[in-house]
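Engineer: Model the full assembly from the supplied sequences, consistent with the hints where possible.
Protein chains in written order, with the working numbering: chain L, 1 to 72; chain S, 1 to 72; chain X, 1 to 72; chain U, 1 to 72; chain Y, 1 to 72; chain F, 1 to 72; chain E, 1 to 72.
Since the hints were made in silico from the structure, they are not lab data. What you are looking at is a predicted structure, and each value in this text was computed from that prediction instead of being measured. Even for Gly, the Cβ is constructed at its ideal location relative to N, Cα and C. Check before you lean on any hint, since a few could be wrong.
To be verified - Examples of chain F residues lying across from chain Y (beta carbon under 7 Å, computed):
1) Pro5
2) Val54
3) Val67
4) Ile68
5) Tyr69
6) Ile70
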Amino acid sequence: MSPKPLNALKEAISNRVIVELKGGREFRGTLDGYDIHMNLVLKEAEELQNGEVVGKVETTIVRGDNVIYISP
Amino acid sequence: MSPKPLNALKEAISNRVIVELKGGREFRGTLDGYDIHMNLVLKEAEELQNGEVVGKVETTIVRGDNVIYISP
Amino acid sequence: MSPKPLNALKEAISNRVIVELKGGREFRGTLDGYDIHMNLVLKEAEELQNGEVVGKVETTIVRGDNVIYISP
Amino acid sequence: MSPKPLNALKEAISNRVIVELKGGREFRGTLDGYDIHMNLVLKEAEELQNGEVVGKVETTIVRGDNVIYISP
Amino acid sequence: MSPKPLNALKEAISNRVIVELKGGREFRGTLDGYDIHMNLVLKEAEELQNGEVVGKVETTIVRGDNVIYISP
Amino acid sequence: MSPKPLNALKEAISNRVIVELKGGREFRGTLDGYDIHMNLVLKEAEELQNGEVVGKVETTIVRGDNVIYISP
Amino acid sequence: MSPKPLNALKEAISNRVIVELKGGREFRGTLDGYDIHMNLVLKEAEELQNGEVVGKVETTIVRGDNVIYISP
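Structural biologist: Written out as structure tokens, the structure is:
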């Protein structure tokens with residue numbers, strides 16, 4: 001069977017991912033959790049705006065409706 | 001099991017959190033409650049706009065659909 | 001147990017609250033009712049736009065999806 | 001018990017109300033009906049844009065997601 | 001009992017209606033059908049943009065989330 | 001009984017339709033399928049932007065929330 | 001029976017597809033999975049912005065609400 005999007009997220013757990021958000025925002029971090037809304041928990045994450053690093057956080061919980069795509 | 005986003009919020013209860021909202025708004029306060037929509041209750045919170053403190057409130061109830069991310 | 005956002009609203013009933021809405025709009029009034037969508041009933045409310053009072057109403061019913069936050 | 005928003009709408013039936021909509025639009029008319037989405041039926045209504053009357057209608061059915069607030 | 005918005009639509013079936021849409025668009029046509037989302041079927045409809053007629057169609061199916069109001 | 005919007009779509013199957021989308025986009029093609037969200041399958045479709053043909057596709061699946069109206 | 005949009009996606013599995021997203025973004029890749037929200041998994045995908053290739057990824061998970069259309 002073809003992998004469903006949530007299975008692809010499951011496989012990405014503990015891996016570094018790029019999370020592109022609406023509004024020119026991006027996180028690069030370790031995927032630590034997700035749910036069916038694509039709410040995400042990222043660890044050791046860098047936040048970028050328009051391509052530049054603007055901050056680092058140990059943990060961040062992203063609300064799923066902001067997500068454009070997640071690339072493992 | 002990997003922590004789901006709501007579990008990560010549960011663990012953040014009583015801790016100081018940064019809440020980034022749509023529209024350049026931010027709150028920094030103590031997480032006092034949440035629900036499945038990511039509606040939040042913050043205590044002793046500072047409100048920031050584009051990085052500058054614009055107000056302080058004892059309690060604020062944030063509607064979840066405004067949230068971009070929450071960093072404990 | 002940590003107070004959930006709707007409990008925090010319940011406790012704010014009959015108190016003066018600040019209601020920040022999307023689009024630079026704000027109400028200051030007495031919270032008279034709410035529901036799970038954060039639809040609100042405010043009494044003796046002042047409406048502000050970008051910080052200036054633009055009107056006063058005895059009662060207003062605010063549709064919840066406009067709410068950013070409510071501060072008792 | 002505190003009045004819920006829909007009860008407040010029920011009490012406003014047959015009264016003149018101001019309905020503020022997103023996008024600078026406003027209706028002033030007699031509330032003739034509503035439902036749980038805040039879809040509204042207004043009678044003998046004036047439509048205003050940015051404060052100026054731009055039209056009058058005998059009946060109008062407003063889709064609830066456009067509503068910011070309703071003031072009886 | 002006060003007419004609910006969908007009843008008001010039911011009564012407007014086969015009548016000419018003005019349908020104001022988001023984005024400065026408007027249809028004037030004969031209401032031929034609707035559903036609970038306010039999806040509409042219009043017959044012999046004129047499309048207007050910012051007040052000017054830009055086209056005529058025999059039938060059009062409008063997705064409800066674009067509707068601001070419907071005036072019979 | 002008045003035709004409901006989805007029935008009107010059913011009758012349009014295999015016919016050429018104009019699909020107006022948000023953001024100045026338009027498709028003209030043969031309606032090959034739809035569902036309750038107004039997700040659409042179009043065959044032999046031309047894509048237009050602001051009235052000019054910008055591409056042709058054999059098949060395209062349009063997500064319903066982009067649809068303004070469909071004219072058979 | 002006419003193919004429903006999700007069936008059309010099913011048939012596109014393992015094929016190269018063009019995915020047009022809101023905000024001038026586009027992916028071209030191999031469709032590896034989807035769900036009822038039109039969340040997508042793409043493999044060996046190129047990302048384009050306003051028509052220019054801006055990146056390549058082995059796998060990407062696109063949140064369905066960003067999708068305008070998918071062309072196999």
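Engineer: For every hint, state whether the structure bears it out.
Structural biologist: Status of each hint after checking the structure:
no.: 1; hint: Pro5; in the structure: holds (4 Å)
no.: 2; hint: Val54; in the structure: violated (20 Å)
no.: 3; hint: Val67; in the structure: holds (5 Å)
no.: 4; hint: Ile68; in the structure: holds (5 Å)
no.: 5; hint: Tyr69; in the structure: holds (5 Å)
no.: 6; hint: Ile70; in the structure: holds (5 Å)
The earlier numbered hint that this structure contradicts is number 2, and it is the only one.
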